[in-house]
Amino acid sequence: MPSLTATQLLSLSVLLMSTTMSNSMPIHIQWEELFERQVSNCYPLSLDQAKQLPGWGKLEQYAKDTWGEGGWNIVTNPEDFRDRPANACIEVARVPLQWSQQPQCSKSTAEIQGKSVGATTKVAFDIEQGTEAKTSLSVTRSSSITTSVSFNVGFSLPGGLDAGVDTSFSTTLTNEQSKTTENTSGKISKQHYEFDNEDGKQCKMTVETSDCAATAVGRVPVVAKGFVWFNYEDRRAPKADPNGGEHYKYSASIEEVLNEAERTSWIEVQGPVNTVTKANYETNCVKAGAGKKAAPKKKGGEKEKEGGKKPSSGASAPPKKGAPNAEPKGKDPKKPGAKAPATKPPAVKPKPARK
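Note that the sequence shown covers residues -24 to -1, 1 to 331 in mature numbering (1 follows the signal peptide of the UniProt record, and there is no 0).
The set of hints was computed from the structure by calculation and includes no laboratory data. Where hints are given, some of them may not hold.
[As the list claims (entries may be wrong)] DSSO-like, lysine-lysine: derived pairs with alpha carbons at most 30 Å apart: (1) LYS263 / LYS177; (2) LYS215 / LYS110; (3) LYS163 / LYS83; (4) LYS166 / LYS263; (5) LYS91 / LYS201; (6) LYS83 / LYS27; (7) LYS166 / LYS27; (8) LYS155 / LYS27.
Every value quoted in this text rests on a predicted model; they were computed, and no experiment measured them.
Working from the sequences, and respecting the hints, build out all of it.
Below is the structure:
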């Protein structure tokens, strides 16, 4: 059984009380009746509004071709024929929005340190998580029918948002120029996480935030349906059946005479869409103090050569003990012309000064 709200529980209790206080047959409860029904998105269509339809001229011509010309009085929603009204409705489940400017998204990250849970080894994190979308739609062009009335309209966002946001929402839209409707869908809430941790380790969680902004546009169809009445001054039979019954009043079906485009007026909307998504994507636990590298220690007595230059990698290694006359690397003593390196450089005699 689905869960019930307080209002629905009250309605149910009243129904149950009526069964105990009445001697009539027991009431069979229909659960569906206890839930809110969808609000009607239809409003009566006046004659002046009907004349604003793109196909109104076609509707008048249909009456002339079917019942003839002459004096007539055209009406909608007459009191004596309530079973044949004329309405203007929004019947689409979702109105698809489009981007007039492509979404611009940015990401940022933050690290949150975990907190120890009492004397246990568990570590806890308290973070914000979820997605929230804010939409503000303004009427840039109102429909010529059902002006200044409000509809419950569903919208769907196109792709391109760098977020896990629900792409559909419902809001109340008023058919009035410059009228704005705002809607917030989704939710960002605080979440509590606990993890088992090893003794001596510190834990942190990386949280990523994604912000997106875009401008959406859309067209909401308001469609006429029902009947328009042509009341003639004289009784007459249909032209296709001259010997048939004669009447003063005839009704023309809007849906049968006009196609959908000919009986549709549009509400145009535009506005910004902003989304924020917060999500944790990494938890890392390391030993306390780990990750910091100590500076290398110099050997005692080691000094850099003059000018701070280090010996080149191509320098000869010093000779080993017991081999004072070892040849430098790369020289072959057996080859002719090879000379052993002098242990001491020859003394240089100073040149006599010129007179």
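Structure-based check of each hint:
1. LYS263 / LYS177: holds, 4 Å
2. LYS215 / LYS110: violated, 58 Å
3. LYS163 / LYS83: The given pair, whose Cα atoms are some 19 Å apart, holds under the 30 Å limit.
4. LYS166 / LYS263: It holds: about 28 Å lies between the C-alpha atoms, which stays within 30 Å.
5. LYS91 / LYS201: Roughly 64 Å between the alpha carbons, so the hint for LYS91 and LYS201 is violated.
6. LYS83 / LYS27: Violated: LYS83 and LYS27 sit about 52 Å apart, past 30 Å.
7. LYS166 / LYS27: violated, 55 Å
8. LYS155 / LYS27: Satisfied, since the Cα-Cα distance of roughly 24 Å is no more than 30 Å.
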